[in-house]
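Visitor: Chain residues, written in single-letter form:
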Amino acid sequence: MRLLFFILLGVALFLASNRVGELRQYQGSFVAMYSLAIASIILLTGYSGQLSLGHSALMAVGAYTGALSINSAHLNPVLALVLATLVAGLFGLILGFAVARLSGPYLAGTTLALAVSLPTLANQLPILGGEQGVVFDVGAPPARFGEGFSQYKWFFWITSLAALIMIWMIANLLSSRYGRTFRSIRDNQTAASLAGLNAGRLKVVAFAVSAGVAGLAGGLLVMLISGVSPSAFPLSLSFSLLTGAVVTGVYSLKGVMLGGLVLVAIPEVADSITTRIGGSEGFTATLPGFLVSALLIAAVMFAPNGPGQIFRKSNKQDNHTEGNK
Amino acid sequence: MLKFITAILTSLATGSIYALMSTALVLVWRSTRVINFAQAGQAVLTTYIGYEAIVRSGSYWVGLIVAIIAGALIGAVIDRFFMRPIFKRVTTGPIVMIAPVVATLGLLGIIQAVIGFKWGLSYQTIAAPVSTDGYRILGSVIAFSPFNLMVLVSVTITMILLTILFQKTNIGLALRASAYSPEIAKLSGIKVDGVRTLGWALAGAAGGLAGMLFVPSSYLYPNSMDVLLVFGFIAAVIGGLDSLFGAVAGAMILGFAINFATAYISSKLVFPMAFIILILVLLIKPGGIFSSQKGRKD
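From first to last, the protein sequence lines stand for chains A and B. For the first sequence, my numbering puts the final residue at 325, and the numbers step up evenly by one. For the second sequence, my numbering puts the final residue at 298, and the numbers step up evenly by one.
Read the hints as simulated data drawn from the structure, not as lab findings. The model shown is predicted, which means the values in this text are computed figures rather than measured ones. Hints may contain errors.
[As the list claims (entries may be wrong)] Over 10 Å on every C-beta distance to chain B, these chain A residues come out as not near it, computed from the model: (1) G21; (2) G179; (3) T286.
[To be verified] Calculated cross-link-like contacts (lysine to aspartate or glutamate; reagent style DMTMM-like; alpha-carbon spacing at most 20 Å): (4) K153(A) <-> D137(A); (5) K118(B) <-> D137(A); (6) K118(B) <-> E281(A); (7) K118(B) <-> D226(B); (8) K3(B) <-> D193(B); (9) K118(B) <-> E52(B).
Every residue, glycine too, gets a C-beta built ideally from N, C-alpha and C.
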C-alpha cells in the first residue's frame, strides 16, 4: 500500500517534470533534497526524541565523501551517493556512541559545537580543498534521453528518485518494530528500559540512521550546487532544517514535502518582498533568516505538534499527552 | 620561558571572556532549565547598542555602561514576554521537551536578522579604551596587552560582585532557593517568576559585558559572538551547568587547553581541542567536573 503510494507519487513527479520549466525543475530538486534532510530530522527528533543542531555538519560529511569519491576515486555518481550515505552513517554511529546517550540541552549544545567546528576543520585539510572546496560533477544526462533533456531535469530525476526511495525506507523503518521502540524511548525511557529495551543502543542506531540520511541529502545538495565548500553548510542550514521539521510537524513523516516546499519558498518570498519594498543590503541579506526564525517561533507557539493541530483543536485527547516531562 | 608566560597570560584573558559567557548560560540554566542559545544574539545586540553609544558619546566607558544596562533589560524582557508565554502555551505533546530550545534558536535568528536590518552585515570595530600593544618583557613584546589586563580585572571584579550577590544578600538567597527547588521557594513566599526574570537579566548583563570586552580585540558583526557561545557552553558543561564556580573554572580550563595547544602544537587546534574536551567530559563525567549533585538532572 505504502509502496504503491510512493510509486504513484514518483509517476506524478515524473509527469510533472515533463511539463514545467527549468527553474521549477531546479527548485523541485531542492524541495526533494530538503524533504529528505527534514525526514532525517524527524526520524531523530520526532521519533527518538533527540534534538540535533549538527545536521549541517553531517550533511557536509556526506557531501565531501560524495565529491571526493567522484573526483579522486572516479566512482560512478550513484555509487558516490551510496557511499556518502554510508560514510555519514558511520560517522553518525561513532558520534552517536559519544553523544546519543545525552539528553536535551547537552545533545543540542554538543551537536551545535560540531556544526560550528567541523566546517573550520574542512578548511584546514588540503584534500578537502580549503575555502574553494571540491567540485561535484554528476555528469551530463545520458545521451539516450535525447537532446532536449536538460541538466536540471536530470538533477530533478536523481534527487526525486533518491528522496522517494529513502523516505520510503524510513517510513517502513518507522512503522516497524524499530519505530515503535524509538517512540517508546522517546515517550518514557524508564518504562522502555524496564520493558527490556536497550535505550542507549536504540538512540545510537537512530542517530546513525539519521546521519546516513542527512549524508545522502548533503551529497544531493552539493550535486545541485555542483561543488562542496565549508560555506555551503553553515549553522543556519541546521536551523532551517529544524524549522522545516517543526513546520511539518516533528512527529509525523507525512508532511515532509511541505517542509521542503517552505524552505525553498522562503528565499523566493524574501526576494519578492525586497524587490517590492526595496531596502538596504543588510535587509536583503538577512530577510530569509528572519522569515525562517519567525516561522519557527510561530510554529512552536501556535502549532507545536504540527499543522494538523490547528484543525483538530477540539480533539484534546492527543496520542501523546502523557508521559513526557 | 617567555612563550610559557605569554601562554599563561593569554589563557587567563581568553578564559575570563569564556567565563562571562558560561556564567550567563549557567544563570539562565539555573533559573529556567533552558540552555539559552539566544545568548549569542543578546550579547551581540547589546554590543551593537554599546557601539552606538560609543559613536554618539565618544567614550568607551559610556558604551560599556549602556551595554550592561541594555543587556539586563533585554534579558528581562525576553524572559517576561517571550519565554514565559512559551512555557505557558506549550504544555502537551513530546514537543514540550524541545520547544524551549527551539524557541531560543528562533530568537537567535530573529535577533541576528534584526541587527542585519539595522546595522548591516559589514564589520565594525570598537576601539579599546586602553592600549592593545603587548607589554615588553626583557626587551621582547609579548601577546598580552594592557587591554587584556583590563579584561582580566573587570571579569574578576564581576565575579566577586556576583559571588557577594549570591552568597550575602537576600536576593541571592532567593535566586539560589528558586534554582534549587522552585516549589519550596514558592511556598516560602519567594516570587519565583520574578526571580527567574532577574536571573535572565543578570545573564543578559554578563553577556553584554562579554561582548564589550571581546569585540575590541576582534570585530563586531551579527555572528561575532556565535563562537563564544559554543565555548561558553563547553565551559559550562565542564563545570556541570549548575554551578557558577564550575562555570568559571570550566572556562579557565578551556582557555588554558586552547591557548597551550595553539601555542605549543598548532594554531589550527582551537576547535578540535574544544570539541575533544567537550566529548571527553561528556563521556567520562557527564555531570561536570565540579558538580555537587549525583547524576545529571535534565
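Visitor: Now look at each hint and say whether the structure bears it out.
Guide: Now for the hints, and whether the structure bears them out:
1. G21(A), annotated as away from the interface, keeps every beta carbon of chain B farther than 10 Å; the closest lies near 31 Å.
2. At roughly 14 Å from the closest C-beta of chain B, the C-beta of G179(A) stays outside 10 Å, upholding its exclusion from the interface.
3. Residue placement check: T286(A) does not keep its beta carbon more than 10 Å from all beta carbons of chain B (closest about 3 Å).
4. Of the pairs offered as hints, the one joining K153(A) and D137(A) holds, with about 15 Å between alpha carbons and a cut-off of 20 Å not exceeded.
5. Restraint check for K118(B) and D137(A): the C-alpha separation of about 40 Å exceeds 20 Å, so the hint is violated.
6. Of the pairs offered as hints, the one joining K118(B) and E281(A) holds, with about 10 Å between alpha carbons and a cut-off of 20 Å not exceeded.
7. About 19 Å separates the Cα atoms of K118(B) and D226(B), which keeps this hinted pair within 20 Å; it holds.
8. Using a Cα cut-off of 20 Å, the hinted pair K3(B) and D193(B) is violated, with the two alpha carbons roughly 49 Å apart.
9. A C-alpha spacing of about 11 Å is found between K118(B) and E52(B), which places the hinted pair at or below 20 Å, so the restraint holds.
In this structure, the hints that do not hold are numbers 3, 5, 8, in rising order.
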